[in-house]
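Trainee: Chain by chain, the residues:
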Amino acid sequence: MPQFAFEIKDVSKRYGQHWALARLSYSLPAGKSLLLTGHNGSGKTTLLRMLATSTFPTFGTMTVLGRDTRQARDEIRPEVALLSHASFLYEDLSARQNLRLLASLMGIADAKKVCDELITRVHLNTRGDNPVREYSAGMRKRVAIARLLLKAPKLALLDEPFGELDPQGILEMEALIAELKAKGTSLVLATHLIEQGQRLTDERLHLQAGRVGEVT
Amino acid sequence: MWVKALPLTLLAIAVGLIVCHLAVPKTRTWVWKVLAAQAVLMFLVQPYFALTWAPREVMMGDPYRIIYMHVPHMFMAFLALPLNVILSVWYLVVKKSWAVDALSEALAEVGVYLGGVGWLLGSIWAKPTWGVYFSPDPRLITAGIMVFLYLGYLTLRRLIEDPEKRATWSAVVSILAGADLVLTWFATKMFRSIHQLPSSPDTVDAQIVMPFRFSLVAFLCFMFVLVWHRYRLALALRKNEIAPPEAVGQTQVIA
Amino acid sequence: MNPPGLLKTTWIVFKKDMQIEWRTRARLNALLFFAVATLLLFYFAIGGDPGTMRKSAGGFLWLALFFSSVLSLSESFRLETENFALEALRLAPTSPRAVFLGKAAANSLLSWVLALALVPLTVAFFDVSIKEGVPRLVLALALGSTAIAAPGTVYSAIATNARARDVLLPLLMFPVLIPSLIASVSSTTLILGGDPMNQMGDWLLFLFLFNLVYWPVCFLVFPKVIEDD
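Chains as they are written, first to last, in my numbering: chain A, 1421 to 1636; chain B, -9 to 245; chain C, 27 to 255.
Don't take every hint at face value.
Per label pair, the in silico range of CB-to-CB distance [to be verified]:
id	chain 1	residue 1	chain 2	residue 2	range
1	B	E47	C	R189	45 to 55 Å
2	B	I114	C	A143	42 to 52 Å
3	B	K85	C	V160	45 to 55 Å
4	C	R51	B	I114	36 to 46 Å
5	C	A143	A	R1553	24 to 34 Å
6	B	M180	C	G31	54 to 64 Å
Sample of chain B residues at the chain C side, in silico, Cβ under 10 Å [to be verified]:
id	residue
7	V24
8	L73
9	I76
It is worth saying that the hints were derived from the structure and are not from the lab.
We put the CB at the ideal spot given by N, CA and C, even for glycine.
Required output: the full structure, derived from the provided sequences and hints.
Mentor: Written out as structure tokens, the structure is:
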């Protein structure tokens, strides 16, 4: 079991001509949870995507669960899950089909049964076979939760998970976070809801223009 | 005797200078100037050789003289663009570097320019010679497609903002384009060719051949200078795009 | 948990694309109508001379197919980037090469089915018949379709991320596909018009070679296209 969930060592990331992250360094011990705050455009989403090995540092190195993201991406990816504002869904397939797709790619035994259980758990049974195109924003978030549970990751990355959720949905999300923490999953939670976030997490990292910022 | 020696000597000088430039970085400040001077001088003399000194051709009369411009254009394009393919493979497989990317960009632009102009000149030659501007001839079609392929390459580069993606994806496109050139050549060969059969120098009057070789050397110098400058421009643009951020202060953890 | 190998993953991706095509059958119909309309336009554009019509039938069939392929290839990646679904696919994790094989196979099948659907109309409008046998025609259409799909899939993945993607895709695709177009049209024209000098074999061989070059090349380079870095 690696000591750190992740280590960010002097990382800078460029997108086009804009530096999304600039000389950032941070480490999170395994099993801990991190609150990631900052204005829009401060680099939170970029950081989460890099932890997910979706993209890689322009300068510096990043290790997740003890392995370098660029070199060991295929070993890291099964252990990490990203919940983003992008839904990652195929609009024309149903929630069930989207979930089964992920399950078959992961190679889960008994995929149909596992997916059906998850669909029930996130209360999508009645509309689970309709194309995602017809879903509300809240329903899409619930599919995203199901995907996260399916992955059962060692590191969970949540990018604004409370957006578009009704009060019931928010409670379910908080319950999910509590469940993940209880299982020993390392967690990064990016949110604007600072007080709520602080209740749920151990540490905090505030970003300002891609660098570590002062908290006022 | 001097007829054969002149272009050969000038070629040796040009190649020597190019090798110097590539092998010894310190010479890069002045080699291009010598080559530029050589190109200018040769282009000043070339019209005399091409238009007056070389005799009228028995069957084609005066219009043939356009080969002194058409062929060097095409020849250089067929040098520049396959070189781009090789560099693209290098970029993807061996080592990524901005220098390789900048050089690829320069070669593509110069290659498209020379290939496009050369193709037009070829069309102009075709009309009095074959009676048509265009025909399904293997060399004509392969050259035309090559220009289009790299126009596509250049357009792609212009439409991608991220420098790394631009370099990677244009390298991919170049490799697919390179494979296509080989396939196009064979596909069009399967059609009948009416292009001029290449005359070997032994079968052609030395007086017709010399201006031709002279032109080739002049264009080699010309292309080198063009590519060198375009490369330096591309590299400067790249450096500007990728300038890293300055250092920043301490981290603060709020536990 | 037992992650699937390359072939199984390819099948999963292929199946997913087929599921989406099935669920959006209306779009498939629209694509077919587009191809038919294009064929009709060619018919009217070349006027009425029967000899010309018969000789051009193969050419117009393939042109109609080429234009339709641009649309279907474009859509193939639009649905991947719409909600960043391709990114999630990569992070599952999924081998990028399997993504290529699965999607290119799906695109090939789609083009082939479209081509087969256009045959009866071509025969009717341009007054030709399948002189050299249906199996050969089916083969020529299949090889031509896979020839479009391999580079088409690579270019579509690139174009979808660039500006002016609608123009960029055909601009990149058409020059590269010219050798395959020549071979596809030649073999199809011979099949529809008769092949007295037995040239069809050469053209089909060429088409096969085109595929033999492009499928491996595209298979090898595709990870560079969809993976960062």
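Trainee: Work down the list of hints and note, for each, if the structure agrees.
Mentor: A quick look at each hint next to the structure:
1. In this structure the hint that E47 (chain B) and R189 (chain C) lie 45 to 55 Å apart at CB holds, the actual value being about 50 Å.
2. As the Cβ distance of I114 (chain B) to A143 (chain C) is approximately 45 Å, the hint placing it in 42 to 52 Å holds.
3. K85 (chain B) and V160 (chain C) have their C-beta atoms about 52 Å apart, which keeps the hinted 45 to 55 Å range intact.
4. The hint said 36 to 46 Å for the Cβ distance between R51 (chain C) and I114 (chain B), and at roughly 53 Å that hint is violated.
5. For A143 (chain C) and R1553 (chain A), the Cβ-Cβ distance of about 27 Å falls inside the hinted range of 24 to 34 Å, so the restraint holds.
6. Separated by about 40 Å at the C-beta atoms, M180 (chain B) and G31 (chain C) break the suggested range of 54 to 64 Å.
7. Against a cut-off of 10 Å between C-beta atoms, the interface hint on V24 (chain B) is violated, since the closest Cβ of chain C lies about 38 Å away.
8. With a least beta-carbon distance of about 19 Å to chain C, the hint placing L73 (chain B) at the interface is violated under the 10 Å criterion.
9. Checking I76 (chain B) against chain C by beta carbon gives a least distance of about 15 Å; that is not within 10 Å, so the hint is violated.
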